[in-house]
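This is what each chain is made of:
Number of protein chains: 2
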Amino acid sequence: MSEQQQPGTLYVISAPSGAGKTSLVRALVESTPDIAVSVSHTTRPPREGETDGVDYHFTDVATFESMVAEGAFLEHAKVFDNYYGTSRNAALDGVSQGRDVILEIDWQGARQVRESIPQAVGIFILPPSRTVLAERLQGRGQDSAEVIQRRMEAAQAEMAHFEEFDYLVVNDDFDTALSELCSVVTARRLRGEAQRWRHASLLEELLATGP
Amino acid sequence: MSEQQQPGTLYVISAPSGAGKTSLVRALVESTPDIAVSVSHTTRPPREGETDGVDYHFTDVATFESMVAEGAFLEHAKVFDNYYGTSRNAALDGVSQGRDVILEIDWQGARQVRESIPQAVGIFILPPSRTVLAERLQGRGQDSAEVIQRRMEAAQAEMAHFEEFDYLVVNDDFDTALSELCSVVTARRLRGEAQRWRHASLLEELLATGP
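First to last, the protein sequences are chains V and W.
The first sequence runs 1 to 211 under UniProt numbering.
The second sequence runs 1 to 211 under UniProt numbering.
Isolated chain V, as found in the complex (with noise of 0.2 Å):
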């Protein structure tokens, strides 16, 4: 018996805005060997500094809309006028040779990959108080009270979701959140199942009958 290869997981992250979400899970990328964040399709144009394959695979709305007619994609929507989605091998390829695959998406992206994916692992993250939360939302403080309350009602709109996920992570301490979101990704390497396959050869040296 050799090394072996078994699959990584897949982990669906979601979050309202002001949350923290994008910054914990660079560091956790960052931190962590063997975990990258999917790349999405989107439709809309590249802004300064975007990278096509890196920040989106950016794609036209013909293109975009036969893979959704194909099947392509694990969880896609359409925000305004451009589409955006993950596609099933960009999630998957790394999950199959073994990675982990960080999707960073909403709650109902996150429901869409758990009908197809119900292994995915999703994990919720919390602001530490609404205080908090109503500062982050208020941006530079030149938008109006309007513009701020519908924030406010789009981030509970989506923490209204967080019992469909798996994990939930409050991000208060940064530095705590960042150890926690990490311990979760280790907790799941360390499953006997996954690490059979890591030790396959020492469980094999271990167990052999023999001096």
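Source of the hints: derived by calculation from the structure; they are not laboratory data.
Keep in mind that the hints are not guaranteed to be accurate.
Copies of the same chain look alike in the list, so a pair counts if it works inside one copy or between any two.
Stated by the list, open to error - Pairs of lysine to any residue, SDA-like flavour, derived with a Cα cap of 20 Å: (1) LYS21 <-> HIS199; (2) LYS21 <-> LEU190; (3) LYS21 <-> GLY192.
Position chain W relative to chain V; hints supplied.
Just chain W now, kept in the frame of chain V:
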């Protein structure tokens, strides 16, 4: 809704002699709040320096046997002339009060516990190689080859059951193995059903409508 208490987790940690389980568990308990090792019952006499209720609950044979008859033990075994067992109360009082409790028992005890408490979480600790295991089983070099060989066979009989455990930790580097144990405990505490109780007030505040 006030902050409420969700039950803790019952951990069953097993390992062959020479895997370093006792040191790892001691370090885990020292570095983690709200987790303790359950105190077993035994009929063997206390040794120098052992305290009743701390190292063991020391009982006589008649008491032990009547506890067995009452179903007071989650698991018990006779080793040579002495009984050892984990009482249901010792294991579950802490858990019902929201703390995590560790049972350090062998695969047979683990199997008995799993039958009564299927939600118990099993962790098996492995040595990093056969060579290291053999060295550790040699002790101080005062034992016969036959005695050492018998220890190796006992270790292998224990390790043959690693697949019955949820998590597998290889104790190569002590600090890494400790950090992995801590990750399993942390990740369990981050599960949605635990966090919903722990952060009931926060969730209520975040989801409340109105300003």
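Structure-based check of each hint:
1. For the homomeric pair LYS21 and HIS199, the shortest alpha-carbon distance between copies (18 Å) is at most 20 Å, but the shortest distance inside one copy (33 Å) is not.
2. Only between protomers do LYS21 and LEU190 lie at most 20 Å apart by alpha-carbon distance; the minimum there is 16 Å, versus 24 Å within a single protomer.
3. When the C-alpha separation of LYS21 and GLY192 is checked against a cutoff of 20 Å, the pair qualifies only between copies, where the shortest distance is 17 Å, while the shortest distance within a copy is 29 Å.
Against the hints set out earlier in the document, no violation occurs for any number.
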